[in-house]
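Protein chains in written order, with the numbering used here: chain W, 1 to 177; chain U, 1 to 564.
Heads up, some of the hints might be wrong.
Some, not all, of what chain U presents toward chain W, calculated at C-beta under 7 Å [said to hold, decoys possible]:
| id | residue |
| --- | --- |
| 1 | Ile40 |
| 2 | Arg58 |
| 3 | Val62 |
| 4 | Leu191 |
| 5 | Leu194 |
| 6 | Pro212 |
Simulated from the structure, these hints should not be mistaken for laboratory data.
On a predicted model such as this, the values are computed, not experimentally measured, just so you know.
The beta carbon of each residue, even a glycine, is placed where N, CA and C say it ideally should be.
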Amino acid sequence: MIRVLGLGNVLMSDDGFGPFVVEHLLARYEFGADVVVIDVGTPGLDLTPYLGDAAAVIIVDTVKSQGAPGELRLYRKAQLLRHPPQPRTSPHDPGLSDALFALTLAGTDPGEVLLVGAIPEHVGMGSRLSPALQAAVEPAALEVVTELRRLGATVRVREPQAEVRPWWIAGREHVDS
Amino acid sequence: MSRITIDPVTRIEGHLRIDVEVNGGRVANAWSSGQMFRGIERILQGRDPRDAWLFTQRFCGVCTTVHAIASVRAVENALGLEVPLNAQYIRNLIIAAHALHDHIVHFYHLSALDWVDVVSALKADPAKAATLAESLSDWPNNNRLQLKAVQDRVKGFVEAGQLGIFTNGYWGHPAMKLPPEVNLLAVAHYLEALEYQRRANQVVAILGSKTPNIQNLAVGGVANAINLDNEATLNMKKLYQVKDLLDGMMAFVEKVYFPDICAVGAMYADWFNYGKGVPNYLAVPDLPLDGKGTQFDLPGGTIMNGDLSTIREIKSFEDPYFKDNVAECIARSWYDGDWTKHPWDESTDPKYGEWQDDGKYSWIKAPRFNGEVVQVGPLAQVLVGVALKHEPTVRWAMKTLETAGKIAGAQLSPAILHSTLGRHAARMIRTAVIGEVALKHWQLLIENIKKGDVSIYNKPEFKGEQRGFGFHEAPRGTLSHWVVIRDGKIANYQAVVPSTWNAGPRDDKGRMGPYEASLVGNPVANPELPLEVLRTVHSFDPCIACAIHTLDPEGQEIARVKAL
Chain W
1 MIRVLGLGNV LMSDDGFGPF VVEHLLARYE FGADVVVIDV GTPGLDLTPY
51 LGDAAAVIIV DTVKSQGAPG ELRLYRKAQL LRHPPQPRTS PHDPGLSDAL
101 FALTLAGTDP GEVLLVGAIP EHVGMGSRLS PALQAAVEPA ALEVVTELRR
151 LGATVRVREP QAEVRPWWIA GREHVDS
Chain U
1 MSRITIDPVT RIEGHLRIDV EVNGGRVANA WSSGQMFRGI ERILQGRDPR
51 DAWLFTQRFC GVCTTVHAIA SVRAVENALG LEVPLNAQYI RNLIIAAHAL
101 HDHIVHFYHL SALDWVDVVS ALKADPAKAA TLAESLSDWP NNNRLQLKAV
151 QDRVKGFVEA GQLGIFTNGY WGHPAMKLPP EVNLLAVAHY LEALEYQRRA
201 NQVVAILGSK TPNIQNLAVG GVANAINLDN EATLNMKKLY QVKDLLDGMM
251 AFVEKVYFPD ICAVGAMYAD WFNYGKGVPN YLAVPDLPLD GKGTQFDLPG
301 GTIMNGDLST IREIKSFEDP YFKDNVAECI ARSWYDGDWT KHPWDESTDP
351 KYGEWQDDGK YSWIKAPRFN GEVVQVGPLA QVLVGVALKH EPTVRWAMKT
401 LETAGKIAGA QLSPAILHST LGRHAARMIR TAVIGEVALK HWQLLIENIK
451 KGDVSIYNKP EFKGEQRGFG FHEAPRGTLS HWVVIRDGKI ANYQAVVPST
501 WNAGPRDDKG RMGPYEASLV GNPVANPELP LEVLRTVHSF DPCIACAIHT
551 LDPEGQEIAR VKAL
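Use the sequences and the hints to build the structure in full.
In structure tokens:
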């Protein structure tokens with residue numbers, strides 16, 4: 001089992017990068033039964049169940065790093081574990097390294113981890129990405145696909161291509177309409 | 001006099017900041033501040049009320065389902081719309097599974113390390129730890145071999161310099177008092193709890209069709225088609241999976257969480273003396289037993305001045321005692337003005353200024369109930385349950401006090417619950433109550449379906465102006481959503497969330513919020529390592545940084561605790 005996780009909040013502009021990439025992947029590609037692609041929002045410590053017992057996990061999120069908005073950064077498990085987690089006042093503090101440490105100690109950590117991170121431009125209320133981050137969605141999705149193929153997972157380009165229509169922008173159909 | 005600021009700069013913005021002044025080893029004054037503008041409700045204006053729950057579910061990544069539930073209830077309340085019984089029971093099962101998950105994660109993964117010294121577990125004798133555990137519980141994994149294996153794993157981590165998650169614990173802090181054997185048991189249960197977190201999550205996934213953000217709600221009911229013999233719908237097989245998972249969770253609560261809390265409580269009994277804060281309590285009723293919300297399996301009400309005889313019950317989804325008495329004050333918050341208003345009449349106009357001890361210092365508004373500061377959360381839920389003689393709550397509360405008292409060799413009275421450790425005990429009591437009641441609602445759902453009722457949805461009708469409110473007694477306490485709808489579109493939306501009640505700042509009368517008041521008088525042995533402050537703050541299970549998630553994999557920012 002390989003999990004692709006989009007992290008971030010779709011109501012907070014560039015913070016929603018991870019979920020945007022997930023919507024893009026689901027519209028443009030078809031995945032084998034061994035791959036699960038999910039938008040997990042901002043789960044903090046509740047991330048653990050999505051990391052555990054997977055052959056590999058690919059995470060897409062925004063990251064703090066020196067550079068221009070929209071630039072991508074790749075990190076592997078060892079890099080994510082290098083900096084110890086910090087004291088928390090709330091369960092939200094991202095929790096990725098905490099979750100990885102806990103699972104490693106329990107012996108159920110994912111075999112491989114790749115974090116595809118984009119440097120955000122603007123994080124504040126809003127349901128759309130800034131232009132720099134919008135432009136980074138496709139390159140980030142390609143990084144995910146490349147990694148999936150390296151891991152031997154099945155990924156096919158969807159034919160015909162579906163439109164990328166995140167529900168938080170396009171709205172949704174109703175049970176009674 | 002020294003001042004400590006705990007300000008976790010682990011993300012761009014949006015977290016809880018706590019400032020305390022310490023004098024003679026005790027907290028003399030305290031401030032709780034939300035460091036992020038939470039005007040997220042404004043994103044709902046002009047939208048279709050039937051979609052509101054999808055958006056509110058994104059207010060917070062940890063409390064997703066609770067905002068979805070409160071939102072559909074608010075819109076249904078505005079329309080006077082009843083939901084089918086099946087929908088109510090399915091929602092209740094999701095609510096219960098989410099609460100079980102949330103409380104277990106809170107105790108073992110967020111706050112246990114405030115009390116448990118992991119390094120000390122290396123000195124434990126696994127055989128002694130097993131004997132101690134057997135005296136409290138017959139949990140099969142508390143045996144010598146499994147405890148030894150856990151100890152070896154931790155040892156391997158320490159020797160490889162990989163202590164990781166634990167390196168920021170306050171090991172060797174003078175306030176850490178558990179014997180090595182208890183520390184070892186706690187570490188073993190910390191690891192086991194990961195599995196139960198996963199199981200509770202599965203219940204939500206089966207019923208909510210997706211987790212962490214459920215997809216099965218609708219204004220007017222749920223979208224789970226029911227056919228007990230059809231693979232594609234909610235069927236007997238899936239329902240039995242839910243039951244197995246809930247049974248397993250309940251066993252963990254009874255045999256692990258319960259004895260752990262009793263042991264920690266007995267060994268840190270002095271912490272029943274700290275953290276009382278504001279002994280006014282609010283809890284709303286939940287787990288409705290009918291379509292309208294007039295009968296519930298978990299009671300609600302208010303208690304003032306810590307006096308259970310002041311109990312006033314909140315009886316229905318329509319109860320004017322709740323509807324008319326919620327207000328928010330912005331006198332000390334970074335918003336334009338200094339009003340106190342009912343949520344339907346509020347606006348959210350940010351006006352950021354500098355931090356001022358005597359002026360505005362938080363993005364959180366200060367909610368008040370009937371003009372009073374109130375505390376919400378499991379302690380309020382349990383005290384209200386005891387005051388209303390709610391049988392499962394009374395039974396679990398008494399059992400907890402007796403068991404902890406036996407370990408401590410002392411008589412423990414219910415009055416000790418008004419404290420930092422009391423909030424942890426209450427959270428466990430509430431978890432056990434919910435675990436029991438969840439199984440009852442599973443039974444109710446099956447019986448109702450077997451009667452031939454498979455209805456899940458009533459159609460909403462919008463016209464003119466419609467106002468409503470929906471409440472939900474979430475794991476962290478009373479949550480309410482307030483909506484004004486005009487011609488089928490949202491005109492105003494406000495969410496008054498549990499951590500706002502607790503983490504809110506002072507008000508126009510200068511009265512402290514519950515976090516602030518509970519910190520005053522707390523001991524602080526070492527201002528550089530303010531473990532005791534974190535203990536009291538964590539006992540509320542804060543959840544205020546409800547929005548964003550930028551990772552810091554390069555670990556550039558590490559300054560969090562500043563002692564001047």
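Cross-check of the supplied hints:
The closest approach between the C-beta of Ile40 of chain U and any C-beta of chain W is roughly 6 Å, which is under the 7 Å cut-off, so the hint is satisfied. Using the Cβ-Cβ criterion of 7 Å, the hint placing Arg58 of chain U at the interface with chain W is satisfied: the shortest such distance is roughly 5 Å. Because the closest C-beta pair between Val62 of chain U and chain W is about 5 Å apart, less than 7 Å, the hint holds. Because the closest C-beta pair between Leu191 of chain U and chain W is about 5 Å apart, less than 7 Å, the hint holds.
Annotation: interface hint on Leu194 of chain U holds; nearest CB of chain W at approximately 5 Å, less than 7 Å. For Pro212 of chain U, the interface hint holds, the least distance from its beta-carbon to any beta-carbon of chain W being 5 Å, beneath 7 Å.
The structure meets every hint from the earlier list without exception.
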